[in-house]
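Listed below, chain by chain, are the residues.
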Amino acid sequence: MSQNIHQLIEPPTDQVQANASQKHVGWFGAVWGSRNGRIGLIIVVLTIIGAICGSLGVTPYPPANQDPNAVLKGVSLSHLFGTDQFGRDVFSGALQGLGVSLEIAALAVLIAGIIGTLGGIVAGYLGSWTSAIIMRFTDMMFAIPAILFALAIVTALGSSILDSAIAIGVGWIPIYVRVVRSPVLALRDADFVRAGRVLGFSRSRLLFRHILPNIAGVVAVQTSLALAWAIIAEAGLSYLGLGPPPPLESLGEMVSQSSSLAATAWWTLAGPSLVIIIAVIGFNFLGDGLRDAADPRARTKARKA
Amino acid sequence: MTIFSFVVRRILSMLLTLFGVSVIIFVVLRLLPGNAVTAAMGVSVGLLTHAQVAALNHYYGVGQPPVEQYFSWLHATLTGNLGISLATRESVSTLIGSALPVTLELALFAMIFGLIIGVGFGMIGALHPGRWQDDLGQGVSVFGLAVPSFIIGTVMVTFLASVFHYFPSSKGFVGFFTNPWLNFQQILFPAITLSFGVGAAIMRSTRAAVLEVSNLNFARTALGKGVSRRAFVWRHLFLNALTAVTTMSGIQLGYLFGGTVIIEQIFILPGMGRLLISAINNRDFPVVQSVTLIFAAGFVIVNILVDLFYTMVDPRTRER
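Keeping their order, the protein sequence lines are chains A and B.
According to my numbering, the first sequence is numbered sequentially starting from 5.
According to my numbering, the second sequence is numbered sequentially starting from 16.
Among the hints, a few may not be true.
From the structure, some residues in chain B lie toward chain A, with a derived Cβ separation under 7 Å [what the hints assert, rightly or not]:
id: 1; residue: Val36
id: 2; residue: Gly269
id: 3; residue: Thr307
id: 4; residue: Phe310
id: 5; residue: Val315
Derived DEER-like restraints, expressed as beta-carbon distance ranges [unchecked claim]:
id: 6; chain 1: A; residue 1: Arg198; chain 2: B; residue 2: Phe34; range: 32 to 40 Å
id: 7; chain 1: A; residue 1: Ile137; chain 2: B; residue 2: Asn232; range: 35 to 43 Å
id: 8; chain 1: A; residue 1: Ala190; chain 2: B; residue 2: Phe34; range: 28 to 36 Å
id: 9; chain 1: B; residue 1: Ser293; chain 2: A; residue 2: Arg198; range: 53 to 61 Å
id: 10; chain 1: B; residue 1: Ser243; chain 2: A; residue 2: Val79; range: 49 to 57 Å
id: 11; chain 1: B; residue 1: Arg104; chain 2: A; residue 2: Val79; range: 47 to 55 Å
id: 12; chain 1: A; residue 1: Leu166; chain 2: B; residue 2: Leu175; range: 34 to 42 Å
id: 13; chain 1: A; residue 1: Arg207; chain 2: B; residue 2: Thr109; range: 49 to 57 Å
id: 14; chain 1: A; residue 1: Pro250; chain 2: B; residue 2: Met327; range: 50 to 58 Å
id: 15; chain 1: B; residue 1: Arg25; chain 2: A; residue 2: Leu130; range: 23 to 31 Å
id: 16; chain 1: B; residue 1: Ala176; chain 2: A; residue 2: Asp71; range: 23 to 31 Å
id: 17; chain 1: B; residue 1: Leu254; chain 2: A; residue 2: Gly30; range: 39 to 47 Å
id: 18; chain 1: B; residue 1: Thr17; chain 2: A; residue 2: Leu130; range: 27 to 35 Å
Sample of chain B residues with no beta-carbon within 10 Å of chain A, all distances over it, derived [claimed, not checked]:
id: 19; residue: Ile26
id: 20; residue: Glu83
id: 21; residue: Asn96
id: 22; residue: Phe124
id: 23; residue: Phe324
id: 24; residue: Met327
Derived by calculation from the structure, the hints in this document are not laboratory data.
The beta carbon of each residue, even a glycine, is placed where N, CA and C say it ideally should be.
Excised from the complex, chain A in its bound form (with noise of 0.2 Å):
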């Protein structure tokens, strides 16, 4: 009899593990599951390999030396993106300037997301007044479009990599406010959430161990389209000769510079060009794949769509 009521209350451990397989593949398992996901998550990988070899100047060649026996030289084998008119190798350049872009793009998210996240779980959880307020202000900063922002504050205070990422961060942070905060508010009146407000939990504890990890894919999936929209932000202020000061080129300054050249050498646009649309379309991709993993229903829908 007691052996009877062990095996209800605990189903036997190979079934246990049959639906863990099949419910929980985990993240990875889900992005990869899907195909943009996948094609997104093999791209990003190679972007941030890329860059990081670009920033520890693992590059073909060395970004700045200037060969003056391969000026201007198409794309090969030797130089995947082809030379500019100092004999620079474009492919070299552009892994340094991804490097440079990543690295404002990545601490732009940051930004953002840390204090737009809490911005967004504070106003869904409390509710009330506090809530009205910090939804007025992001209506507000909402109302100035993200470049213009981004171009008062360079001005203020300046293009050092730290002021451009706080310049591009900032417009994104009403973005991850609004996004965090309906299911915060849905979460706090959860079953769960109330039982531990009952066992006496202390708020810290039940924002930061409960509600948090509920809504990680939510803001996974922001991040990774904050990241793409970043790249193109930096790239579009440095392309204006607002990025980092030299020695440091991302890959908006290199478009810039090959703007006179690309009638003739139409591969000193086209390779950091590139770098810029396939990072892009990465992050765009990976945000796809990582909303099909948090949200299967909309998957089911996107499929039969």
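Add chain B to chain A, keeping to what the hints say.
What follows is chain B alone, placed relative to chain A:
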């Protein structure tokens, strides 16, 4: 809620938002470290007339605590004193008066092209889900969202010049009323460049909205009772998806304003964006402040209009 009280409420909320926006801009440009107003004024003051110095002092609220500086600025702005450009010593309202029409024209054309691309591909995709038409549209939107406008612009300028030997911007910008045809040629390509990103975003929301509507019961009923295909597509599907499309268009306007800044640099158009960038390079704060404020105000006002528009069109949104 009656329409009247809705409109009043919206306008009050708009005024509050605009007030907040002006505070944010003030804080960012005037109170952050590295602010060079005083330094810049010190250098330029000798070149200005007495009346200009007085106007600027009022504009900046020189020598007052921050809160009063802000209200001095607000008062100056509301009474039409947008400051004096420290670089060109012209009044900022004159500069903006000549730059604003260019940017508005550019944004208007870009929005029209964006709507054509977006609604067109979005409708076609949603009417043939999963088929090649849909895949084509999706592909276009992936690139529209991923390719920064300055790359499209650079490629376009290069191509027009080197392949077609066509330099629409070489003659200097011509206003619409001076020479409409040349003006159109000069606006056309920058507007097309800007419209890709806008079009991609509008396309995504059009497609999603039309797909959602076409799964609803009334759509099946309409098909079942034999409504003609054209009426079904435009009157039943599109009209119901219009809310989503207008909302997205309103949001995209912010992107468009931001985009004009870069595009005007590439195509050498004397609009607000070019004014802004040269002001930033000269650390010409009155210009930066006013241009940013006007862009933000335009964005807020258009989005209120969008809200009002679909409240009129779509009674469902009034019940909230």
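Legend entry - Agreement of hint threonine 307 of chain B with chain A interface, Cβ distance less than 7 Å: holds, 5 Å
Inset, instruction - Using 7 Å as the Cβ threshold, decide whether glycine 269 of chain B counts as touching chain A. - result: holds, 4 Å
Inset, instruction - Kindly confirm whether 53 to 61 Å is satisfied by the beta carbon distance between serine 293 of chain B and arginine 198 of chain A. - result: The hint (53 to 61 Å, Cβ to Cβ) holds, given that serine 293 of chain B and arginine 198 of chain A are roughly 58 Å apart.
Legend entry - Reported absence of phenylalanine 324 of chain B from the contact zone with chain A (all CB gaps over 10 Å): Nearest chain A Cβ is 18 Å from phenylalanine 324 of chain B, so the label holds.
Inset, instruction - Would you settle whether the hint for phenylalanine 310 of chain B is holds or violated, based on the nearest Cβ-Cβ distance to chain A being less than 7 Å? - result: holds, 6 Å
Legend entry - Assertion that phenylalanine 124 of chain B lies outside the chain A interface [Cβ separation over 10 Å]: Answer for phenylalanine 124 of chain B: holds, closest chain A Cβ roughly 18 Å.
Inset, instruction - Look at the Cβ atoms of arginine 207 of chain A and threonine 109 of chain B and judge whether their distance stays inside 49 to 57 Å. - result: Holds - the Cβ-Cβ distance for arginine 207 of chain A and threonine 109 of chain B, about 55 Å, lies within 49 to 57 Å.
Inset, instruction - Please test the hint of 28 to 36 Å on the beta carbon pair from alanine 190 of chain A and phenylalanine 34 of chain B. - result: holds, 32 Å
Inset, instruction - May I ask you to check that isoleucine 26 of chain B keeps its beta-carbon over 10 Å from the closest beta-carbon of chain A? - result: holds, 15 Å
Inset, instruction - Look at the Cβ atoms of alanine 176 of chain B and aspartate 71 of chain A and judge whether their distance stays inside 23 to 31 Å. - result: 29 Å Cβ-Cβ, so the 23 to 31 Å window holds.
Legend entry - arginine 198 of chain A paired with phenylalanine 34 of chain B, Cβ distance criterion 32 to 40 Å: Taking Cβ atoms as reference, arginine 198 of chain A and phenylalanine 34 of chain B lie about 39 Å apart, which means the hint holds.
Inset, instruction - Confirm or reject the claim that arginine 25 of chain B and leucine 130 of chain A have a C-beta distance inside 23 to 31 Å. - result: holds, 26 Å
In the structure shown, no violation is registered for any of the earlier numbered hints.
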